[in-house]
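Next come the chains, spelled out residue by residue.
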Amino acid sequence: MEVLRLPLSASQKGKLISAGYTSIASLSSVSPSHLALDLKVSETEALEILKCVSEGSRLQSTSSSLTIVNGAQSAWDMLQEEETCVHITTSCADLDNILGGGISCKEVTEIGGVPGIEFNLQLMFRYHMITVELEARQFISIQKGPKACEVKMMQPKDFLENISYFRVCSYTEQIALTNYLDKFITEHKDVKVVIIDSITFHFRQDFDDMALRTRVLGGMALNLMKLARKFGVAVVVLNQVTTKFSDGAFHLALALGDSWSHSSTNRIILHWNGNERYAYIDKSPSLRSASAPYSVTPKGIRNSNSNKKRIKHI
Amino acid sequence: LSTVEDFLVHDVHKLVASAEQLSNSDGLKQGINQLLSIVETCHQPWMNGLVLLEDREQNKHCLSTGCKSLDVLLQGGLREGHVTELVGPSSSGKTQVCFQVASNVAMKLGGVVYLDSGNSFSPTRIKQIVTRISGSAENQVNGILQQALRNIECHAVFDIYALLNVLHQLQLNLESQAGYKVRLIIIDSISSLIAPILGGNNAQGHALMVSVGYLLKKLADRQNIAVVVSNLIFYSCW
Numbered sequence: 001m002e003v004l005r006l007p008l009s010a011s012q013k014g015k016l017i018s019a020g021y022t023s024i025a026s027l028s029s030v031s032p033s034h035l036a037l038d039l040k041v042s043e044t045e046a047l048e049i050l051k052c053v054s055e056g057s058r059l060q061s062t063s064s065s066l067t068i069v070n071g072a073q074s075a076w077d078m079l080q081e082e083e084t085c086v087h088i089t090t091s092c093a094d095l096d097n098i099l100g101g102g103i104s105c106k107e108v109t110e111i112g113g114v115p116g117i118e119f120n121l122q123l124m125f126r127y128h129m130i131t132v133e134l135e136a137r138q139f140i141s142i143q144k145g146p147k148a149c150e151v152k153m154m155q156p157k158d159f160l161e162n163i164s165y166f167r168v169c170s171y172t173e174q175i176a177l178t179n180y181l182d183k184f185i186t187e188h189k190d191v192k193v194v195i196i197d198s199i200t201f202h203f204r205q206d207f208d209d210m211a212l213r214t215r216v217l218g219g220m221a222l223n224l225m226k227l228a229r230k231f232g233v234a235v236v237v238l239n240q241v242t243t244k245f246s247d248g249a250f251h252l253a254l255a256l257g258d259s260w261s262h263s264s265t266n267r268i269i270l271h272w273n274g275n276e277r278y279a280y281i282d283k284s285p286s287l288r289s290a291s292a293p294y295s296v297t298p299k300g301i302r303n304s305n306s307n308k309k310r311i312k313h314i
Numbered sequence: 001l002s003t004v005e006d007f008l009v010h011d012v013h014k015l016v017a018s019a020e021q022l023s024n025s026d027g028l029k030q031g032i033n034q035l036l037s038i039v040e041t042c043h044q045p046w047m048n049g050l051v052l053l054e055d056r057e058q059n060k061h062c063l064s065t066g067c068k069s070l071d072v073l074l075q076g077g078l079r080e081g082h083v084t085e086l087v088g089p090s091s092s093g094k095t096q097v098c099f100q101v102a103s104n105v106a107m108k109l110g111g112v113v114y115l116d117s118g119n120s121f122s123p124t125r126i127k128q129i130v131t132r133i134s135g136s137a138e139n140q141v142n143g144i145l146q147q148a149l150r151n152i153e154c155h156a157v158f159d160i161y162a163l164l165n166v167l168h169q170l171q172l173n174l175e176s177q178a179g180y181k182v183r184l185i186i187i188d189s190i191s192s193l194i195a196p197i198l199g200g201n202n203a204q205g206h207a208l209m210v211s212v213g214y215l216l217k218k219l220a221d222r223q224n225i226a227v228v229v230s231n232l233i234f235y236s237c238w
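Sequence lines, in order, name chains A and B. For the first sequence, the UniProt record's numbering gives the first residue as 1, with consecutive numbering after it. For the second sequence, the UniProt record's numbering gives the first residue as 1, with consecutive numbering after it.
Chain A with its partners taken away, still in its complex shape (with noise of 0.2 angstroms):
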């Protein structure tokens, strides 16, 4: 009974098999006007039926393909995939070190840090690709952008032209926007980067339903991760920084609390120690533990001068 395997609903089945349509064979090389007087259905319902027999008969007839499952991909086509993707560099030598060359498309990295760390604005103004920005918090500051591009010898509107802005002002309008993105980007293709700054700021104030905080967060999480994943892009999320209050003493960690924070591929700490701005990796699924030193210069993020040079490695 072959057509009880098809994905249709159980009164076409029924009527399938009441009009003796019992095998997949049998419905190849019937045409849908005649079902569709076989079955007292309409037309389109037939159509439908057969449109579901025949994509049936042809994942089966596909068994020359890997994979056991449609859409998937074996670990090793995906190993030679990898060794071409591009990395978005930093312009932070000793941070792309520990990022394995930078930060890489197709996830998603948070990076979340107190106020003071700018971090932000370089990783728009480093490549000459189209960059997305949403921006949540009051101010951008374009005018960094023209210091930027004379590292590169580039004009400051080529620049600025690669960068689509959206400003956001409440959480209907980010979770809108994150839902447009793959129309946008399906359209705009050679985007490469869309920065999200920061994510959380919506969601703080004034939210007095968490359980439904929770739920939105994590839906829009899965569109980010949808996005990062079909389009190649690198996701970058922006996000501040709370207290929390355990083992008896107050300690910093990300906003939007644990729930949020299952929610990126990679995570990024940003702290200060001392008179030096640090980058830690906290979370990933392929780099080890590290940290490494940053400078925050008027040409934008480069590597610190301290005397410690060495990246240390946790």
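Derived by calculation from the structure, the hints in this document are not laboratory data. No experiment lies behind these values; they were computed from the predicted model shown. Glycine residues also receive a C-beta, built at the ideal position from the N, C-alpha and C atoms.
Simulated crosslink set (DSS-like; lysine-lysine; CA at most 27 angstroms straight-line): (1) K108/B x K217/B; (2) K218/B x K13/A; (3) K15/A x K51/A; (4) K13/A x K217/B.
Stretch-level coverage of chain B by chain A, calculated; a stretch enters the list once three of its residues show a Cβ under 8 angstroms from a Cβ in chain A: (5) 90 to 98; (6) 113 to 119; (7) 122 to 133; (8) 152 to 159; (9) 186 to 196.
Taking beta-carbon pairs under 10 angstroms as the criterion, some of the chain A residues facing chain B (in silico): (10) G71; (11) A72; (12) S74; (13) A75; (14) W76; (15) E82; (16) R215; (17) G219; (18) M220; (19) S259; (20) H262; (21) S263; (22) N266; (23) S284.
Use these hints to put chain B onto chain A, whose structure you have.
Just chain B now, kept in the frame of chain A:
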């Protein structure tokens, strides 16, 4: 009698007796026998303890995780037919355990299906683990590496419906294909797929979660597969 429900509700013996009283009852008896045989295939067969024990000894083996202490904890390893849940806070190593188990099974035992909901599947990391397990030098490991990596299939799922789709496909394909043997299914992480649908106005969330659980257990039991899902712990929201 016009529906299956009517058939099931009636006493079969009385039906057969009344059928014999009619003339031309052969067709009806054949119909009844056919229906009974179909009904038999729909439910799980009754098994006694001995049959269950035999099934467990012959079919439901333990898959070694590659890590001795984990194997000791699990009394041999991940048992086929069981769904094992890995729970822990963020960065506790759940994904790494999944990689380790996947590499070990892919190298030695059979096919692995890895369903990834957080873009965290890293072929480079798997390559590192396989290299270490095989114990041979970096440049000699290529053949083993290729074989092991070809045994792992990775599919990205980003919502619960995609997951259900994949599980249904697996069910269909595993029943028909005899050659390729899947030994392990890993879902990392299942909580990120279920969290957005639970609670609130969505009445179906709980039902969807239960269906996923049911499908996983059915796949595990019928096809002698070990299933590993990873879940997260979180404390109250800040």
